[in-house]
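Whole structure, please, built from the sequences with the hints as guidance.
So the chains spell out like this:
There are 4 protein chains.
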Amino acid sequence: MSLTSAIKGVIPISPTPFHADGRVDMDSMAKLTDHFAACGVDGITILGQLGEAPKLEFSEARAIVELVAKRFKAPIVVGVSAPGFAAMRSLAREAMELGASGVMIGPPNTLRTDDQIVGYYRQAAEAIGPDVPFVLQDYPLTFSVVMTPNVIRRIVTENASCVVLKHEDWPGLDKITALRGFEADGAMRHIAILTGNGGLFLDFEMERGADGANTGYAFPEMLVDVVKLSAAGRRDDAHDLFDAHLPYLRYEQQQGPLGLAVRKYVYMRRGLIACDAQRKPGATLNAAAKGEVEYLISRIARADRRAVLKAA
Amino acid sequence: MSLTSAIKGVIPISPTPFHADGRVDMDSMAKLTDHFAACGVDGITILGQLGEAPKLEFSEARAIVELVAKRFKAPIVVGVSAPGFAAMRSLAREAMELGASGVMIGPPNTLRTDDQIVGYYRQAAEAIGPDVPFVLQDYPLTFSVVMTPNVIRRIVTENASCVVLKHEDWPGLDKITALRGFEADGAMRHIAILTGNGGLFLDFEMERGADGANTGYAFPEMLVDVVKLSAAGRRDDAHDLFDAHLPYLRYEQQQGPLGLAVRKYVYMRRGLIACDAQRKPGATLNAAAKGEVEYLISRIARADRRAVLKAA
Amino acid sequence: MSLTSAIKGVIPISPTPFHADGRVDMDSMAKLTDHFAACGVDGITILGQLGEAPKLEFSEARAIVELVAKRFKAPIVVGVSAPGFAAMRSLAREAMELGASGVMIGPPNTLRTDDQIVGYYRQAAEAIGPDVPFVLQDYPLTFSVVMTPNVIRRIVTENASCVVLKHEDWPGLDKITALRGFEADGAMRHIAILTGNGGLFLDFEMERGADGANTGYAFPEMLVDVVKLSAAGRRDDAHDLFDAHLPYLRYEQQQGPLGLAVRKYVYMRRGLIACDAQRKPGATLNAAAKGEVEYLISRIARADRRAVLKAA
Amino acid sequence: MSLTSAIKGVIPISPTPFHADGRVDMDSMAKLTDHFAACGVDGITILGQLGEAPKLEFSEARAIVELVAKRFKAPIVVGVSAPGFAAMRSLAREAMELGASGVMIGPPNTLRTDDQIVGYYRQAAEAIGPDVPFVLQDYPLTFSVVMTPNVIRRIVTENASCVVLKHEDWPGLDKITALRGFEADGAMRHIAILTGNGGLFLDFEMERGADGANTGYAFPEMLVDVVKLSAAGRRDDAHDLFDAHLPYLRYEQQQGPLGLAVRKYVYMRRGLIACDAQRKPGATLNAAAKGEVEYLISRIARADRRAVLKAA
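Residue numbers (the UniProt record's numbering), protein chains in the order written: chain W, 1 to 312; chain P, 1 to 312; chain R, 1 to 312; chain E, 1 to 312.
Hints were generated in silico from the structure; no laboratory data involved. Each hint should be verified, as a subset may be incorrect.
[To be verified] Listed next, the in silico BS3-like pairs over lysine-lysine satisfying Cα-Cα at most 27 Å (straight line):
no.	chain 1	residue 1	chain 2	residue 2
1	R	Lys228	E	Lys290
2	W	Lys290	P	Lys290
3	R	Lys290	E	Lys228
4	W	Lys228	P	Lys290
5	E	Lys8	E	Lys31
[Claimed, not checked] Away from chain R, derived, C-beta distances all over 10 Å, residues of chain P:
no.	residue
6	Ala53
7	Ser161
8	Glu207
9	Ala231
10	Gly291
The C-beta atom is built at its ideal place from N, Cα and C for all residues, glycine as well.
Have a look at this one:
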């Protein structure tokens, strides 16, 4: 099952659950994977930034891919961003051996010119091999690398194995419009556009031509529904559901380890992972933040019963 | 009327209205100023980044201060961030002469170490003179300068004329808690904390100890009400109103010239400025974006009648 | 006398002399200007970064242009980099009125993509007016903006008023070769390439096709001679003179206010300015650094008698 | 043989030799190691940035450590900078097992505040274990992380295992003076200061209190002699030798892959490695650059016969 540009829907970015002592919690990883499947997602991304991938040893990363590949029956994308192409290639080849469908590659934050960015992806695609489909991650806020629509077009055109854009530029709606315009003009082949940024603009991204979401929101059920409602042309319904989640979603979408701490806390409160610890260095929520999160989720629950939490 | 650390409430950041040909539109500036006053705001900030200050000639900036000082009867804060202290001093002294109550200073994006940041504000405070109260702007997303709570404490402690923190770190809630903790411990004198970031976290910022908002949201009425409701302890009411605005607020809070284009479009649609043009270089909304904005505002209007717009 | 792409030779970047109390020292400015003329330079650049331009008030900048224009009979280039186009336009128009031959524009350090850079220069050229020739400053180390040869070609091609490249990329020799290759291929019209970086690679830059130097080395006499020797094909002689200066030149070419402190100290020791103070915020040499500079210059003096200093 | 703060002298940074097809060239690695020993160096650093470490697979890195540990009888420092502490720990523990004496850690380029930098080294020291001595790499030009002397003092004070500062700030002389001042005042325990930056300021760094050099200059013989001459108080002799090398040294010290290409070319021309290839992505010298390098080395050879190269 190879990742292709025909992919649509929701591919959640999975966190990596840890025990309080820092060991990977494989049971929770299994539970979480099964929950994603039960939500009706269309794939899963593991070992991204959100998944604390740089903190994992190779053997741990390998074991996670193996576990997910065994129980998840839709495309699995593995984050392989690395400071060097040797490590990227190793992990990519290993992941594909183990059953992954493709990989995700973000740019190093030292790239500046258009040619440097395009050149980097040419080398990365060559390093992992032309048989490994990849997701191009465009996330200027985190990577400090700015890709114009034209740069993305060049990368897509040069590399047949580039099949998905993980779009998380901000502002970014007009970038989707521009890329879909390239396709309409025959100036670029079709690629899937799945959006990130915690889902902060998912409502309008779908209307601009995105194929779905590829992000780590702690209620993937909402992402699945909004994508479906939007695809079905039920605009108001899509926005109503989205807006009910937005106050919490905005809170979750705080940058860095705090945002992840919020997500892990909610996954834990939902019973999907046993412990909200991040491997060091990480962040944890203080009492004030926990209270804020509980309050926000109780407010979602007024409109979306799936957000009802058991008493803590 | 001098700006002091006792300031509370809402100080909107005003845009600068231009005619389509790029001239400053003084009539709209007057209208907008009067609207702010009618909203019950507690001050006004002009000539910030949002006010396109770097695009103005000195004489234009001067004229705007003069106009606002004549008709606005609450503290006026003037943005004086500049690449050099000579220009900063000139504008600060001139603005105070004309009736301003204080100035706002953001850091140059080349500062890195704690000492560089503290040193910069020491020099800036000396340059403008100890009799000019200033607002310390802490906005890492735009300035790429990261100030820890301790750095802010050092700046506040060294400079008696530092009276307000314009807080727009992200994530930033725990920073408010930390600063209020310093005050509680007697480790730092009190300063006003007014929050920015388009208001994206205003609901919780108030709960964490902020004194109000200092940002450019195009419905300052909402900011005023949320600050009041929150100060009155009416938590649910504050969140209800805030949440009704959040889908649009989030859309407005896109970084850079696009976010400003959204704001100016809405101010124009509200009849508060004649034209939504930015002075070059700037951005304008395309048809898709205008439609999205109209849709979002129509949805606010279901809960907040002040957001009802006349047909375009 | 307009600046054109036919310019060749040495255009020193002049510091701005200040009195110890921070006032501009116009007598020293005059003396320094006359010294440049006596060295046989081919132009002069004033009010650049090295000239502490951002610390000057408009009226001070104006007075300096006026003074230099009165006594210097070769092209005068005025630095007009500014955070906004209004200030840039004001200073550029004023400077040309007063007798300048052209202006120099460096990019704001927030530019990232190729299109952003090209767009910025299009807007800047439009802002100052098509009748004002400008120098494109390419200095990634200071500005964090990386221009590929192709970006420079686009800027040159779009803007007829772009006549000189101040080249200070590092590494940068192949960029000169690439640009001269464009010219040879008919892919770009000719522009003058004058090199900066304190002269650190002047020896080879001339061999790669540069037209001269545009930098602030405190012995412009050496720059003049190396450019002439190189132009005359006297390679070994050019390198012998250059190498005699290099140990000190390398010391002078330390980044930021310290490098300027070295230069000003040497200009003062040469009797060309009365005081080595920088306007605040600035740096001064401590005793150790002064001793190092004196030692280095005494070593130049063994080969180049013009570097003999009077006893301090 | 553990690395301690008593280390003095020259610890060259070794490149990693590759065959033209990208395989590690272990024979050249052995030859180069033996050459360093024959030069009388006091240690060796392998797998740094200069050693293209991020391009190596773990097994390759391991093999290199093993080879060097077998034939080199002075302290071996292994670069272990990594995006995550898991990989850092793995390589550090493995390297020490194989006979390394310590490791070198550079900061990730996302660190900004003083506390972030100090916190990072606390976590890194904990990750590798308190029994692994480490070199703190302070290289703002490459890492974009600026450490004040006070930050270095905090790191040294918090982490007993921090024994060496690889100093390559620029300007950096006063930082050495400040750190030695801390030691003199009893404000900081002694650490070794070894300097980098290709040796560009080695002459004065020794005079300011450095203990030696830790850099990749292609004639380590010169570094050894300058350190000895300087330690012996033979100032003029030290500078004479240094200055003879400086024109080439400055050429070699171009940032990024080009600088490495120069070094590898010279090591190859000296017969110390078989091939000057970098593993992809890398740079190679064009004909013009090769000619420039040959010319510069022929000029060194007039004063230092060790720089005579065989005809190419």
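### Given as non-interface: P/Gly291, which should sit over 10 Å from chain R by C-beta
Label holds. Min Cβ-Cβ 26 Å, cutoff 10 Å.
### Task
Take the C-alpha atoms of W/Lys228 and P/Lys290, compute the straight-line distance between them, and say whether it is at most 27 Å.
At roughly 24 Å apart (the allowed maximum being 27 Å), P/Lys290 and W/Lys228 satisfy the hint.
### Task
Evaluate the condition: distance from the CB of P/Ala53 to the nearest CB of chain R exceeds 10 Å.
Contrary to the label, P/Ala53 does not stay out of reach of chain R, its closest Cβ about 8 Å off (not over 10 Å).
### Task
Would you check the hint for R/Lys290 and E/Lys228, treating anything up to 27 Å between C-alpha atoms as holding?
Holds: R/Lys290 and E/Lys228 sit about 24 Å apart, inside 27 Å.
### Query
Holds or violated: are the alpha carbons of E/Lys8 and E/Lys31 at most 27 Å from each other?
holds, 24 Å
### Query
Between W/Lys290 and P/Lys290, is the straight-line Cα distance small enough, at 27 Å or below?
Violated, at roughly 37 Å.
### Task
Against chain R, does P/Ser161 hold up as non-interface, every C-beta pair farther apart than 10 Å?
holds, 17 Å
### Query
Has the given pair, R/Lys228 with E/Lys290, been kept, meaning a C-alpha gap of at most 27 Å?
Measuring from Cα to Cα gives roughly 24 Å; hence the hint holds.
### Query
Looking at P/Glu207 again, its CB stays over 10 Å from all of chain R?
Given that every Cβ of chain R is farther than 10 Å from that of P/Glu207, nearest at about 34 Å, it holds.
### Query
Going by Cβ atoms, does P/Ala231 stay more than 10 Å from chain R at every point?
holds, 37 Å
In the structure shown, a violation is registered for the earlier hints numbered 2, 6, in ascending order.
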